[in-house]
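These protein sequences, in sequence, are chains A and B. Take 1 as the starting number for the first sequence in the working numbering and just add one per residue. Take 1 as the starting number for the second sequence in the working numbering and just add one per residue.
By construction, these hints were calculated from the structure, which means they are not laboratory data. Errors might be hidden in some of the hints.
What the hints assert, rightly or not - In silico lysine-lysine, BS3-like type, Cα no more than 27 Å apart, as pairs:
no. : chain 1 : residue 1 : chain 2 : residue 2
1   : B       : Lys54     : A       : Lys26
2   : B       : Lys134    : A       : Lys52
3   : A       : Lys55     : B       : Lys119
4   : A       : Lys114    : A       : Lys100
5   : B       : Lys113    : A       : Lys61
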Amino acid sequence: MVLLSAPRWLRSRLTDRFWRVQEVLKYARHFRGRKNRCYKLAVRSVRRAFVKSTKARREKKRFLRALWITRIEAASLEHGLKYPAFISNLIKSQVELNRKMIADLAIYEPKTFKSLAALAQRRRQEGFLAALGDGKEPEGIFSRIVHHY
Amino acid sequence: VAKTSLTSPPWPEVKLPDPVEEAKHHAEVVRKVNAMIAAGHYGRLFAVVHFASKQWKITSEDLIMMDNVLEAECGDRIRMEKVLLVGADDFTLIGRPLLGKELVRVEATVIEKTESWPKINMRFRRRHNYQRKKIIVHPQTVLRINTIEIFPSL
Numbered sequence: 001m002v003l004l005s006a007p008r009w010l011r012s013r014l015t016d017r018f019w020r021v022q023e024v025l026k027y028a029r030h031f032r033g034r035k036n037r038c039y040k041l042a043v044r045s046v047r048r049a050f051v052k053s054t055k056a057r058r059e060k061k062r063f064l065r066a067l068w069i070t071r072i073e074a075a076s077l078e079h080g081l082k083y084p085a086f087i088s089n090l091i092k093s094q095v096e097l098n099r100k101m102i103a104d105l106a107i108y109e110p111k112t113f114k115s116l117a118a119l120a121q122r123r124r125q126e127g128f129l130a131a132l133g134d135g136k137e138p139e140g141i142f143s144r145i146v147h148h149y
Numbered sequence: 001v002a003k004t005s006l007t008s009p010p011w012p013e014v015k016l017p018d019p020v021e022e023a024k025h026h027a028e029v030v031r032k033v034n035a036m037i038a039a040g041h042y043g044r045l046f047a048v049v050h051f052a053s054k055q056w057k058i059t060s061e062d063l064i065m066m067d068n069v070l071e072a073e074c075g076d077r078i079r080m081e082k083v084l085l086v087g088a089d090d091f092t093l094i095g096r097p098l099l100g101k102e103l104v105r106v107e108a109t110v111i112e113k114t115e116s117w118p119k120i121n122m123r124f125r126r127r128h129n130y131q132r133k134k135i136i137v138h139p140q141t142v143l144r145i146n147t148i149e150i151f152p153s154l
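Required output: the full structure, derived from the provided sequences and hints.
Shown next, in the form of structure tokens:
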């Protein structure tokens, strides 16, 4: 005869509880205190650790960029230029190095960084001269200098 | 006329050097660098290359790992074309923004194509019974830079 439903003494019991617990505890083994041993505390800590690492991956980019900018500022001040002047004049001279590269060059290739600083300085001076223009007053406009004829 | 705060610009007055003299000086420098390159008086060359949407500072015998797939088999030689800067001990060639292809040649070989270690993405909102866990494995490629060569065509 065919039994259509399972008898009551046949239960489905959890047999791999150990491994399910170990899956979580393996990420908590280097934590401090009871949260590296006790599952209930470890679950909370591991969850927070994962969430923090997810968010940190996005902040790492911001943090590293700020670090590069600080390093470039320090290096360019050694050559007598401030960071905004340096970066803006490099961009105006069509040099498309990003901040990571310029920071690496400032650390490992000082002579190259010096030449980049000189390039930026020269472009800055050319910009100043271009801004002054001819030095003549524009036509048809009253100026402070009133001519008495 | 009396001097006010606006008579002269806030930056110190600059004088550029004489353009004729400057042109002579520039030609001299270019000639010297060309001679050095032609004679081979440089040690190790480094280059800044734009590859896989990132900039890398590379020398020969360098290993590079990128977080994406390259459509080349393992062992293929690759030439990197977007070179931004090439330098040696005594001279640097700065591209505006790129250097010419007949000036620099950067060769690399694809060594390895693997996957990254499994990274865990977790989102959790407290008191709202909301948590999502995702394991991300993305492909990586490892390249070895074989040579960087420059040719005296300045």
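Checked hints:
1. Lys54(B) - Lys26(A): Status violated; Cα separation ~35 Å.
2. Lys134(B) - Lys52(A): holds, 14 Å
3. Lys55(A) - Lys119(B): holds, 13 Å
4. Lys114(A) - Lys100(A): Holds, because 17 Å separates the two Cα atoms, which is no more than 27 Å.
5. Lys113(B) - Lys61(A): Holds, at roughly 25 Å.
Hint compliance for this structure: hint 1 is the single one not met.
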